[in-house]
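Colleague: The lines below spell out each chain.
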Amino acid sequence: MFESMLFTMVALVAILSAFFVTKCRNPVNSALCLVTNFLCLSVFYVMLDAPFMAAIQIMVYAGAIMVLIVFVIMLLNIGSVGKSRYTHGLLGAGVLGFLFFIIAAKFVAGGEVANRVGNVTSQVVLDYGHTELIGTAMFTEFLLPFEIASILLLVAIIGAVILSKRKV
Amino acid sequence: MISVYHYMILSAILFAIGTFGVLTRKNMIVIFMCIELMLNSVNLTFIALSRHLGNMDGQIFVFFVMTVAAAEAAVGLALIIAFFRNKESIEVDDFNLLKW
Numbered sequence: 001m002f003e004s005m006l007f008t009m010v011a012l013v014a015i016l017s018a019f020f021v022t023k024c025r026n027p028v029n030s031a032l033c034l035v036t037n038f039l040c041l042s043v044f045y046v047m048l049d050a051p052f053m054a055a056i057q058i059m060v061y062a063g064a065i066m067v068l069i070v071f072v073i074m075l076l077n078i079g080s081v082g083k084s085r086y087t088h089g090l091l092g093a094g095v096l097g098f099l100f101f102i103i104a105a106k107f108v109a110g111g112e113v114a115n116r117v118g119n120v121t122s123q124v125v126l127d128y129g130h131t132e133l134i135g136t137a138m139f140t141e142f143l144l145p146f147e148i149a150s151i152l153l154l155v156a157i158i159g160a161v162i163l164s165k166r167k168v
Numbered sequence: 001m002i003s004v005y006h007y008m009i010l011s012a013i014l015f016a017i018g019t020f021g022v023l024t025r026k027n028m029i030v031i032f033m034c035i036e037l038m039l040n041s042v043n044l045t046f047i048a049l050s051r052h053l054g055n056m057d058g059q060i061f062v063f064f065v066m067t068v069a070a071a072e073a074a075v076g077l078a079l080i081i082a083f084f085r086n087k088e089s090i091e092v093d094d095f096n097l098l099k100w
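Those protein sequences? They're chains A and B, same order as listed. Just so we're aligned: the first sequence equals residues 1 to 168 in my numbering. Just so we're aligned: the second sequence equals residues 1 to 100 in my numbering.
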């Protein structure tokens, strides 16, 4: 009962803050609403027995990516748009967004999620620790994607440096 | 009880709101923020299904989605800064040189 109450409240906050991201005139307000949404998702990850992913979500998304976005907003000195229009194509975008939701809801309602195929239950997460479970999977079965991700980050750093130079 | 279907419907709602934001706003940075919203909704689906199926594969994939999102944030924001340096504006309506 407590879990469903918590889920409903946090889901409402997440949906409201997501809606305000698309609606605020000032991009700094949008950024703050997006941080609220990320924190709500962190609460969901803890409820889903994934505490390590909740911590990583706060550190990477709310802590690094949003700081970068707010930094760029402040650097380019973008204020409120004033009286001019800041949206376009509301009706078409609303129809398309609703269509995406209907398609996704049909997928959810039209099938059944398979039964448990693995052996990681809540008790296993409590016994071994979530970090150890992710570490075991990451360094044995998913080692190649892990190494490729490091190369991806290197390429992204080089790309960001080159794109922001004044004279290449 | 909160089943996996609740999380999947919530993720679909967040994805639809993100799509609405990408198609609606003119400011490039707000469009980028709505793209991050869509990525996060997919992360929520992955972790909910991973807990339901009892497998760690979904959470490993979320790890890599977060890595790719961070790299994309760095490069995308550098691109936005380059756009701003060129034209003093970051509204998508102003970049229409390729339009017929």
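Careful, some of the hints might be misleading.
[Unchecked claim] Going by beta-carbon spacing under 8 Å, a handful of chain A positions derived as facing chain B: (1) P27; (2) L41; (3) V43; (4) I58; (5) M74; (6) I78; (7) A104; (8) G110; (9) G111; (10) N119; (11) F139.
Don't read these hints as lab results, they were simulated from the structure. No residue lacks a Cβ here, since even glycine has one placed at the ideal position from N, Cα and C.
Colleague: Evaluate each hint against the coordinates.
Modeller: Going down the list of hints, with the structure as the test:
1. Given hint, P27 of chain A at the interface with chain B, holds; its Cβ is 5 Å from that chain's nearest Cβ, closer than 8 Å.
2. Given the 8 Å rule on beta carbons, the hint for L41 of chain A holds: about 6 Å separates it from the nearest Cβ of chain B.
3. The closest approach between the C-beta of V43 of chain A and any C-beta of chain B is roughly 11 Å, which is over the 8 Å cut-off, so the hint fails.
4. With a cut of 8 Å, the hint placing I58 of chain A at the interface with chain B is violated, because the nearest CB-to-CB distance is about 11 Å.
5. The restraint placing M74 of chain A at the interface with chain B is violated, with a minimum CB-CB distance near 11 Å, outside the 8 Å limit.
6. Nearest Cβ of chain B to the Cβ of I78 of chain A: about 7 Å, under the 8 Å cut. The hint holds.
7. The interface hint given for A104 of chain A is met, as the beta carbon of that residue sits about 4 Å from the closest beta carbon of chain B, less than 8 Å.
8. Taking 8 Å as the C-beta contact cut-off toward chain B, the hint placing G110 of chain A at the interface is violated, the least distance being around 12 Å.
9. At about 10 Å, the closest approach between the beta carbon of G111 of chain A and any beta carbon in chain B exceeds 8 Å, and the interface hint on this residue is violated.
10. For N119 of chain A, the interface hint holds, since its Cβ comes within 8 Å of a Cβ in chain B; the closest pair sits about 6 Å apart.
11. Hint status for F139 of chain A: violated, given a least beta-carbon distance of 11 Å to chain B, over 8 Å.
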